[in-house]
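Reconstruct the complex from the two isolated chains, following the hints.
Those sequence lines, one after another, are chains A and B. Residue numbering for the first sequence is 1 to 391, as defined by this note's numbering. Residue numbering for the second sequence is 1001 to 1122, as defined by this note's numbering.
Quick caveat, the hints were computed from the structure, so don't treat them as lab data. Just so you know, these numbers come straight off a predicted model, no measurement behind them. Some hints could be false.
What the hints assert, rightly or not - Once the Cα atoms are required to be at most 25 Å apart in a straight line, the calculated DMTMM-like pairs of lysine to aspartate or glutamate come out as:
| # | chain 1 | residue 1 | chain 2 | residue 2 |
| --- | --- | --- | --- | --- |
| 1 | A | K189 | A | D135 |
| 2 | A | K107 | B | D1004 |
| 3 | A | K107 | A | E130 |
| 4 | A | K107 | B | E1024 |
| 5 | A | K107 | A | E68 |
| 6 | A | K213 | B | D1004 |
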Amino acid sequence: MSKGTDIVYLDYAASTPVDPRVIEVMTPLFGVDGDFANPSSGHIAGRRSQGHVARAAEQLAGLLGCSERELVWTSGATESDNLAIAGAARYRADRGRHLMTMPTEHKAVADVFHALAKQGFEVSWLDPAESGVLDPAELEAAIRPDTQLVSIMHINNETGVIQDIEALGAVCRERDVLFHVDAAQSVGKLPLDLASLPVDLLSTTAHKVYGPKGIGALYVADRPGCHVEPLIYGGGQQGGRRPGTLAVPLIAGFGTAASIAMSEMRENHAHLRSLNDRLWRGIRDLEGVVRNGGEGSTFPGILNVSIADVEGESLLLALEPLCVATGSACNSTNREPSPVLRALGCSDLLAQSAIRFSFGRPTTAAEVDFAVTRYRDAVARLRGIAPGLVA
Amino acid sequence: MTSDPYSARVRELFAGSEHAGDLEKPDLRVQINEQGVRVALAADVDGDIIVHLRFRAWGCPHLLAAAEAFCRAFEGRPLSALQAFSAAEIMQTLPVPREKLGRILVLEDAVRSLGQSARVSP
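So here's chain B without its partners, still in its complex pose (with noise of 0.2 Å):
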């Protein structure tokens, strides 16, 4: 028996992280520096639908699993659904141990913030 920190899915999630790295002109982009760790998320958008995303990130395994998790998720949905993105779950899917709940609510709130800064766009 092994007392392995992370899940089968959270070790795919940071090793294949197909999704981290940048959008040449994103049409959303916001950087969220809180609670010890960096998240960085970019958009392109048509019309209300998310085409493409990608995350930039500093901080511990389960926080770049959840990053991965959020864009693969999120590709081809429509912008509102950004606001329905809950840390919760996500702690519960991957899963994320509670003491690490700050680190994905930083998520959250970069996620959020991409979807009211949509609004604000022209």
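Okay, chain A solo, but in the shape it has when bound (with noise of 0.2 Å):
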């Protein structure tokens, strides 16, 4: 069991707890004997605030190899996608409203393209490879002379399989088209070196590298022809790019958070490694197990499993007290089989039995018997208690 509940928490995809370190930095950042003050005010108290802000801004410039100056502070990945794509899709409108993306992508990017496409942009879906992987010469073929942008994410939140953003990056680089990248699953966790990488705009977020949650920030790569237009007015705050009194203790805290997510990187990748491979090990000789997103390029954080004639709602109540997600992810509550398993080639009736288990730098590997354990025994039971197919 975690420390001090009664759960298992294993769903570190979808959220992570804040590190006590960034606890610290952050608590004497709210009351009155603290730096409380209006960062954009030009007092002595503001120039404190501001001093935190400017801090926190090399600490995630130093994790994702950038200048401070590139980075807008948000309140979470999905208000940087949205600003990505919905900003830099209007401020090139003039130019071509042709925009790419995947299936497999998160919500928070996918739902932005089926807005700018009810707003007259067009946007064309490339589907992955069954691996979940996007070809870069599927990408570079559908390419037109009036496509803008494209969003790709690195690492995926349901199966965290890696896209090789350096290649992709690449062919829309050489067709100056702006390239975005929804890293909310891989800052802090894959090293990314943006001076090097050919991306124009990447979203990130801290709440999933043990952050605190309401705190995001945008890359924006400064190079000509890549910018966005806000989606909120009022006020000067950052360029005008995202208006706004800034979030000083979030902010501290996501600093904080990527500098220590740096520092021990290494470390806490082997940790997921064996973690990921011992639940493999733990429930591969199940009768009709499947690895979603297979075990090539996927990130050891995530391992995504279907099985076959189990039911996926009863195997996740079955599950508890295991914290873990469905294949529906980030909407639980809607049992629809997930769009990224089906663009996997995965089946209905597979995909509705998906569960993410998510690793974290607290997972032990007691935790992780207790999981193959508990996955034994719910498929054990809910199987013995199906009727056979035949009436």
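Structure follows, in structure tokens:
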């Protein structure tokens, strides 16, 4: 069981707890004795608050390999995705109105494209191979003279599939098309060097990397033709790209989380790999079990499995007190089979049984062993209750 | 505050489904596969009285809970009572969300078919 709780939490791809070192940095910034002032204020208290923002920008820029000036603070990855996609599409609308993405994207990306399609933009949806990976040649073939923006996520939030953003970005750069990457799952977990990567816009959030909820960032490359129109108006903060008073404690927390992630990335990755292998070893012999996304280019923090002839909702309940996600991921009340798994060629029947296990820094081998036992027992019980297919 | 989709009653019936399984040589048996779910019911009867009920089901927790609730409620009752089994009533008492009505109606069909099969049994 997770420390001090009656649950076993294996849903770190949905959210992570705030690291105690982050809490330590944030806490003094709320009260009257701390640096609570508005960082846009010119007085000494405001300048102190601004100092925390500048420090956090340095820390996040260090993790991403970019300049502090290229960062825009947002409320999280959803806002970053919206600002990147809608903001860039509108900025470049006079050059062309064709945009491209994939059906395996998070709803924070996909729904923006659906909205833009209703506003006169044309959207092409690129299907991945069965592995979930997009072939850069497919992207190259689909780019048109009027294409202005391509958005591809780095690590898929459901399957852990990693896209080759360097190769995909190179295709876009060659054709003068802006390239946006939703990196909510990868920042702080995989090395990123935006100074050398052909990425123009990159979304991230703090709460996936042991920072607080409610703060994210958008990287906007400082290069000609790369700009975003604001989504909201009301002040000159952040160059007008995202006005509003900066949330200093959250930003400081994000900066600290980024700094910790950078220094501990290698050991965390090894830890996640060992947990992922341990869980898969424990269940891979079950009849009809499938590892969604395969064993190729996937992030070890996520293991997504389906199993034949087991009903997904009952499986999820039978797994309690394990906290895991279904194939529907962020929208667990919706039992529609995941479009991500469908795009990988998974049948609806198999997709509805999908369970996403995701691991984090605090996850222990004992918790994974508990998950193995629980999963095996639940599958056996539900299969034992199910009648045969023939009436 | 949590938004638990399952009532305490549904959780108890799902976890403690003692009527899940088979009867050896049941007097009555029926299975319906519809609406993406499967429900099988079996009964031992003594005259007009249902002595034992068992179910098998493939579906959501509400369906499994409803099947268990049915078995608990109808053992010891006359076969004629099966015709009075009501999906609407069980939807209300467990409760079951409205969007799952179709699945509970499959259970209702199975229960009523079990009663019908009794009429034609020798």
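A quick look at each hint next to the structure:
1. Taking the CA atoms of A:K189 and A:D135, the gap is about 23 Å. The hint holds against a cut of 25 Å.
2. Restraint check: the Cα-Cα separation between A:K107 and B:D1004 comes to about 23 Å, which is no more than 25 Å; the hinted pair holds.
3. Distance restraint check for A:K107 and A:E130: the Cα-Cα separation of roughly 21 Å lies within the 25 Å cut-off, and the hinted pair is therefore satisfied.
4. Restraint check for A:K107 and B:E1024: the C-alpha separation of about 50 Å exceeds 25 Å, so the hint is violated.
5. With a C-alpha separation of about 28 Å, the suggested pair A:K107 and A:E68 falls outside the 25 Å cut-off, and the hint is violated.
6. Restraint check: the Cα-Cα separation between A:K213 and B:D1004 comes to about 22 Å, which is no more than 25 Å; the hinted pair holds.
In terms of the numbered hints stated before, the structure departs from hints 4 and 5, listed from lowest to highest.
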